Amino acid sequence: MSLNDTKIRSLKPSAKPFKVSDSHGLYLLINPGGSRLWYLKYRINRKESRLGLGAYPDVSLADARLQRDGIRKLLAQNINPAQQRCAERATSSPEKTFKYVALDWHKSNRTWSENHAARLLASMNNHIFPVIGHLPISEL
1 MSLNDTKIRS
11 LKPSAKPFKV
21 SDSHGLYLLI
31 NPGGSRLWYL
41 KYRINRKESR
51 LGLGAYPDVS
61 LADARLQRDG
71 IRKLLAQNIN
81 PAQQRCAERA
91 TSSPEKTFKY
101 VALDWHKSNR
111 TWSENHAARL
121 LASMNNHIFP
131 VIGHLPISEL
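Per full-length UniProt numbering: the sequence shown = residues 1 to 140.
In short, the hints are calculated from the structure, not lab data.
Everything numeric in this text was worked out from a predicted model, so none of it was measured.
Fair warning: there could be bad hints in the mix.
[As the list claims (entries may be wrong)] Simulated crosslink set (DSS-like; lysine-lysine; CA at most 25 angstroms straight-line):
1. K73 / K107
2. K19 / K73
3. K47 / K96
4. K47 / K7
5. K12 / K47
6. K96 / K107
7. K19 / K47
8. K41 / K16
9. K73 / K96
10. K19 / K7
[To be verified] Beta-carbon label-pair distances, calculated as ranges:
11. E139 / E48: 15 to 23 angstroms
12. N4 / W105: 25 to 33 angstroms
13. A87 / K7: 52 to 60 angstroms
Note that the Cβ used here is the ideal one computed from N, Cα and C, for glycine as well.
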C-alpha cells in the first residue's frame, strides 16, 4: 500500500516502534517518542540490509522515493549503497579522519621535547596511520 502525506501525518506513536511500508523496500519507522525515520530495506549478496534516508518531515515522501530509486539503480549495478555512502563521506571530509586529528593533537602538544615528539610521530606513521589513519573518527 502506497503512503501519502495525509496518512503519514495521521500516524500516532505507540508503546513500541512500528513500520509503515511504502513500496520497493521503503518504509517509515515511527518511534514511541514520535520521531519518524525513513529507511530503505534492500538485499545485496544474499544479505538483507537497511539504509537510513532521513527524518520526516525534513525528508519528504517524494524525496525519500527519489533516494530509493537512486539506490535501486546502484543495486542493479551490484554496488553496495552503504559502502558507497561511507566512502563519499570519508573523501568529502578528510579533516575528520583519525590521521588528521592525531596530527593536529601532535602539533598542539608543545610541552614535549623535540626528540620525544619526533619518536611519537615516527611511531604513528609506521604503525598506526597505515591501519586506521584513513578511518573517520566517528567510526572509532
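Hint by hint, here is what the structure shows:
no., hint, result
1, K73 / K107, "45 angstroms, violated"
2, K19 / K73, "24 angstroms, holds"
3, K47 / K96, "30 angstroms, violated"
4, K47 / K7, "31 angstroms, violated"
5, K12 / K47, "32 angstroms, violated"
6, K96 / K107, "16 angstroms, holds"
7, K19 / K47, "20 angstroms, holds"
8, K41 / K16, "20 angstroms, holds"
9, K73 / K96, "29 angstroms, violated"
10, K19 / K7, "13 angstroms, holds"
11, E139 / E48: 15 to 23 angstroms, "22 angstroms, holds"
12, N4 / W105: 25 to 33 angstroms, "51 angstroms, violated"
13, A87 / K7: 52 to 60 angstroms, "36 angstroms, violated"
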